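K.L.:
Both chains come to you apart, so use the hints to assemble them.
Protein chains in written order, with the numbering used here: chain A, -5 to 153; chain B, 2 to 436.
The reader is advised that the hints may include incorrect statements.
Partner residues are not named here, just some residues of chain A that face chain B (Cβ under 10 Å, in silico) [to be verified]:
hint	residue
1	S19
2	M21
3	Q29
4	G33
5	S59
6	Y60
7	M63
8	G120
9	Y132
No lab work stands behind these hints: they were computed from the structure. None of the values given here were measured: they were computed from a predicted structure. Think of the CB as a built atom: it goes at the ideal place given N, C-alpha and C, for glycine as much as any other residue.
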Amino acid sequence: MTFSPELEARFDKLLKSYPAGRQRSAMIPMLLYAQDEIGCVSDELIDEVAQRVGVTPMQVNEVMSYYSMLHRKPLGKYHVQVCTNISCLLHDGDKLYEHACKKLGIGHKGVTADGQISLEEVECMGACSWAPAIQVNYDFHHFVTPEKLDQLLDGLKEK
Amino acid sequence: MLYNEPSPLETKVLTRRFGMPNSASIDTYLATEGYQAFRKAAGMKPEQIIEEMKISNLRGRGGAGFPAGMKWSFVPRTSPKPKYIVVNGDESEPGTCKDRVLMENDPHQLIEGVLIAGLAVDAHAGYIYIRGEYRYLIEIMEKAIAEAYEKGWLGKNIQGTGFDFELYTHTGAGAYECGEESALLESIEGKRGIPRIRPPFPAVVGAFQCPTVLNNVETYCAAPAILRDGGAAYAALGVPKAGGTKMTCLTGHINKPGVYELKLGFPVKQMIEEVGGGIRLGRKLKAFVPGGSSCPVLTAAEVEGATMDYDSMSSRKTMLGSGGVIIMDDHTCMVKAALRIMRFYAHESCGWCIPCREGTTWLKKILERFHQGGGTRGDINLIGDIAKNMLGRTFCPLGDAAAMPTISIVEKFRSEFEDHLNGKPCPYEHEMVTA
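Bound conformation, chain B alone (with noise of 0.2 Å):
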């Protein structure tokens, strides 16, 4: 079901079946052009394929933002190993909820997604892995299978092509660090969730130490469409160096909070006043994160021209990310906001590597001090220092994902800190606010 009414702005490409009857059985699937950019693929070259993943300049989804098509040549077809796809469905980036949405109603545009990059690297099994919390998702999808194998969809010698796949769910047992690929990779493999260090990269040494395609729900489902369509109309849709839509979640304080299918380069302050409809009560925007906790925020000056895409915010020093916009207003306190992002960070460092266990802890036990007004003066500084000597420390993103929104915090939001010294209580307490 959809938890949001559309907006008429949306590019609907991802999202073109949601709201019809039935979204998600085979049926609807295979009524709208479902399956059928399978069987063009089934019918090109693996090259072919992989040459219309790039022109089509679709970037990972997950948040980095890697081209899928390049990552997809990467992988060394003739290796006598299995390969392998793998789905990163972990989606717990604070402020993004989107592969829920695609998985729970177009469970069949995932699996299309998965055999087109089947048959581009000669991967013939894959996982979907989703977090455990998503259990009715991991329901949808196990459904979805079935259909899938029973129409002959999945399994051997699909629809007469010769080609065999074999496609599981997998399901997380709560791991924000399972999002990760490399730690995804451990815990697929019956582990903990600890970062491998790369190279080699899950191309060449992935799940199960075969080469692996692991990709974000997002960009598999992108691969139907492209596929169908032709990579250049995909690419059209969005900016010269990233094609097509991005769902974007719309969080926070927002007046139609909502997961949208937007254009990349999308303007944000119409992205903020068109499809979210402005900020809630009236209020004025404070702080805007573009794609989940770990981005850098940007103050409502910097948002002055900005377009949802990976250079226009690379150029404002964020990330794009996963989608997850979080909007803050002018009533939300700044330090408070940190310690609950440092909070989490610290909950989900998984260990590994000392900067980030230690790093997360120490900050968390500061900004705590802090907003109960018991700081002083150098921890403003200190906090700024304990953060940038994380960055690049660690074998993964997390430590970084903790260091990047903190420094940015303190960076533009000083006074807010210098507002909680000397026991003061918080500026910013109020009621619960259930507008």
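Isolated chain A (complex conformation) (with noise of 0.2 Å):
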């Protein structure tokens, strides 16, 4: 597979970065930036990773199926992650989610039509003080309402 320069030099560092003989612990950095540039855990990608940190495809593929924020289908361009944990509950992001479920027509873990914008309802995000939270991608939201998150959502499917 060919990769940016940026990701290829991304690699290369990671590959340095323990010690001989333990590549295989580059693979799950390795998996989450690539997914950020090709959009997710593809067969190719698996098959890709598994050659370059010395490991089988069936081995990767044993450790991705662990991880929730690695994918085997494409998300939307913008990923919205809602989070309900305790202290977003706290602040109704529950009802934050519904209300972003019935605005995109899609639910947990859906694309919309264009591709444009998926939803994602998220464990604790580490933005419990600043109720309640989302993230696109990798931004974070504060403090959001319905009337927030309108704006945004319009704004992101424009781009």
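P.N.:
In structure tokens:
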């Protein structure tokens, strides 16, 4: 597979970050950074990473299936993650999530028909003091209201 | 950046640079006594560094509260194997968002803490494990690491001391369990985050099967202040058996939610009323969680006279935990709270130990049915029984973490379960409050 020069540089750095013979350690970071670039963990990516870190594709599959941020199917261009865990729940994060479902017409791990936006109800993301919180890709949004969410989602549709 | 106004009641030790212009840059760090503790430690014997850490009474800030100096002393310095320093930045305990602000606003403080641990145990490489969702913090830490290499505070022969240290970041990819120390080590080795049986402990067999110091971000961040000002000065800030300050996250139904640095032993009521500005909408306190969703909850009556420290909380049969305070007002449905907490643990159970894997899923199903009005009187005891049968029967504390809050909610708020019986709709349902 061919990747961007930035991603190749990151792979190089990762493979040099662990003790000799421990290149398997780079597997999970490589999968996540590659997913950011190509959209999901494809069969091809599994083969490629397996070969680069010196394990079998089955071993990559076995490990990746454990981690909730690694996805086998493409997500939307903008992945909207709404936290409904306890501190967000106390600020009605569950209602915010329901609002997002209705607004987008999709549910948990759904993707809009144009492939622009995907939605996920997520566990605690570490924004508990600024609840309710959401993440769009890696960007945090704090103290989110249904109105703020509407504005944000409308903006993403046009981008 | 800061996400909340600081409070005048804070004791600024770890947060002393917060709010300064470019607080994350190495120039700001060096201009404000940064890396001076490392210089001092480099001139000390390793045993003296560990002794200073022991005097400080610093206890692990990730949740378990194990004395940090003692943990460092367990590493066999003379082992021919390489030793590693691993930073647990997997912050995922619901209610907790403090390591985030520490890494964001003062990344060099963490790097210096890691270097001090390296000197203490003769380690020459370290890994900062950061949860995948905190990508922007990985970028901040990598920038800080690059600055430190450039200015000679990482790499070979640091500042002419003869001490070498290489530091790397390692991203997680979504797994609460990887915040458990042995699962984190599995994850760093490129495996599923399944806990290891102990002993051996990570101090002896840790990362890459080598001796390893593994502490929380906040624990390492305290080391520079301890070495700079002395362990005794740090200890004096806290209470007799626990020194220093605790990064405390006020979350839930409180007027001024935020992360605040408070002395250990800070009175809970003063924290709620004066630091947090009281319960929102002028309501009353119903339940209080001192340090993350795995802690048993306290009632308003139990909070009377309590202070934010390990002993005060353990005398109330709960834990100081991670510092993730969760405040629930008198409009909160405790069945719904118990259900949401259990849904989380059922989602995050790694599945390795049967009591946890099955227990969390069954409890989630029963609580879900209960909250929808389909519960029976017998279910109330069943919930408690299942939870009690998970306690102490798993490799790692996740099973306990799921069971403890559940048991406390069933025991202390039994009447709320009864209010949901006979198909009654939840008495606490409400429209979204955005005040």
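K.L.:
Next step is simple, just say for each hint if it's right about the structure.
P.N.:
Hints, one by one, checked against the model:
no.: 1; hint: S19; in the structure: holds (5 Å)
no.: 2; hint: M21; in the structure: holds (4 Å)
no.: 3; hint: Q29; in the structure: holds (9 Å)
no.: 4; hint: G33; in the structure: violated (15 Å)
no.: 5; hint: S59; in the structure: holds (8 Å)
no.: 6; hint: Y60; in the structure: holds (4 Å)
no.: 7; hint: M63; in the structure: holds (3 Å)
no.: 8; hint: G120; in the structure: holds (5 Å)
no.: 9; hint: Y132; in the structure: holds (4 Å)
Hint violations for this structure: number 4 only, all remaining hints satisfied.
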